[in-house]
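Peer 1: Below are the chains, spelled out letter by letter.
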Amino acid sequence: MTTSTWEAPPVAPTAQPRPTRTVSGVLPTLWLGVVAVLAFWWAGTTAATGTTPGGALMSLGELSGLLASYLVCAQLLLIGRVPWFERGIGFDRLVAWHRSLGTSVVLLVLTHVVLMIVGGSLLDGLSVWSEVPSVLATQPYLWPALIGTVLFLAVGVSSARLARQHLSYEVWFAVHLSIYVGIFLAFAHQVAGGTHFVGSPVARGLWILLYAGTAAALLTWRVVLPLMSHRRYAMRVSAVVPEADGLASVWVHGRGLTRLEARGGQFFLVRFLTPGHRATAHPYSLSMAPTDDHLRFTVGALGDHSSAVTDLRPGTRVQVEGPFGHFTADQARSDRVLLVAGGAGIGPVRALAEELLDQGRQVVVLHRAHDAAGLALAAEFTPSPSLTYLPVPGRRAHLGHDPLAPQHLRWLVPDIASRDVFVCGPPAMADAVARSARALGVPRSAIHREEIDS
Amino acid sequence: MSTPRWRGTLIYAGSLAAMGAAGFAKFAVLTPADTVAESSTDGMAASVPASDDMSASDDDAAGSDDDTAAADSGQAGSTTDPATSTDTGSTTSDTVTVVGSSVQTRYGPVQVSVTFAAGQITDVQVLQVPGGHHESVQINARATPILAQEVVDAQSAQIDTVSGATYTSEAYAESVQSAIDQQG
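Read top to bottom, the protein sequences are chains C and F.
In terms of this note's numbering, the first sequence has 290 at position 290, counting the first letter as 1, and numbering is strictly consecutive.
In terms of this note's numbering, the second sequence has 1095 at position 95, counting the first letter as 1, and numbering is strictly consecutive.
So that you can see chain C by itself, here it is in the shape it has in the complex (with noise of 0.2 Å):
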């Protein structure tokens, strides 16, 4: 990139390390834990409970409930915004794991409540049906624990994939921030009912100790930094600027910015501080490479809430989080490097292309788009002896063919083997790509994607 329309771009940090992800102990701490939780248990637990069916039941019940009460601990910590496991495993992987274990919570809470009944019932001798006032009136804290099972049910349900499909983002939000009320009214029939905790002091206080230090973690990480932050950068929305259909940048000024350390390719979690935005963060990923006092966010109108950014003044207060992210120039091993943006995906790749270019790095930019009126950004890339820009818009409806198909992708970039190829845009188009690549002889390892949720 030869021009630019911003103030000189920061030197690029090449000598900043690499991030490794391959060696986690994330992952692997959290399993352990698992298998810590199943030791617990089965240290608590005499053989002699088992002698009648339901004692059998409600003891696995009690397992059931430990496992899922330790995983709501695990899945809080994975989206808690904590250093070490951004950087061991991603947010966007820490997001999918979150949302694989909320599955795996629902229905092992689901299983508590039933095993606990089923087992309580053949125990007392009553109907599965006179057995569930009968525990509610001699358990303790049983009724908050209750309303608690209701709310996980709720967030689950809200967080199924067909669901979201047909809530908004602000209602879904809404609903998963119940699940602190559901965990907290959840939690006292856990330490003072639960038969494996009210004979162990030792063990009561290690079960309080897993909540607080998980409690404390959050407050750290989520709500007192990115409030010092906040009011250390003091980020506020300078301009809004159309720059395609559909597609709008956020200009962000603030103070110092490049203590952020924020790479093109990276995202934040963005939230505007004016009605409308204030109780949403999205993630937006840079547009182009940080300055001490400028930020860029290039946004689809995906969805409700990004459409809308149209509408923000200059002034708005900003809050973010971050940078997250994994899709950064040190990722390529070639000096030759191939960028797929489509929709959205074009912001991201923008600054990484800028940040590759700074590197010394050969780059192809590939823009795919519906139609030329959707190229946004497309002036920025200059072309050059070391950037070759390759806009290609059309529907595939109407091209009659996907120009992401191999044979075509081998006609657009001949030497696409030997090149790190990074594909940033809607899932799909982050399938196909990856799929072309890995026919045309692009090594796994050097195929590198993001992709924007449309």
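Treat the hints with caution; some may be incorrect.
Partial chain F-side listing against chain C, Cβ under 8 Å, derived [said to hold, decoys possible]:
| no. | residue |
| --- | --- |
| 1 | Gly1008 |
| 2 | Ala1018 |
| 3 | Ser1163 |
| 4 | Thr1166 |
In case anyone wonders, no lab produced these hints; they're calculated from the structure.
Positions of the beta carbon are idealized from the N, C-alpha and C atoms, including for glycine.
Assemble the complex: chain C is given as a structure, and chain F must be docked to it using the hints.
Peer 2: Below, chain F without anything else, positioned relative to chain C:
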């Protein structure tokens, strides 16, 4: 940022398998006779002949708690009278120990003896508490001294339950009440 489909369900299935394996390893190797429970009631056999019947009904998976408890209180009343007959009905200055009825809980029988001196409750001794569960032993070791003190303080069976030992507390109070009733 796509999440692999069914991974959460697979983790759940794995958890169920682990739970099943742990439950099998823990419970499938046990002998039919609950040796822990037997030994705890064996000590009682001499003074309370009815304990054999009770442990038998206990092994029947507590099929009918109300019936068992009612029958037990009847038996306890009759069978323990001989043991305490020399004391019951003697003058109020004497120290009298009355055995309460055995009360079934979901975890096993609870039975206490109450010591009266000059009409006042001075002590409560536990004759039976559920011993089949490891956790029950711990809970009851913690709860029973508290319950005894509560009875002595209240001079009645109107006592608060100890949290985490609800079943034991209620059965304890019932057994104490039956002893007080016998004492008149």
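Peer 1: Hints first: check each against the structure and report whether it holds.
Peer 2: Here is how each hint holds up against the structure:
no., hint, in the structure
1, Gly1008, "holds, 3 Å"
2, Ala1018, "holds, 6 Å"
3, Ser1163, "holds, 5 Å"
4, Thr1166, "holds, 5 Å"
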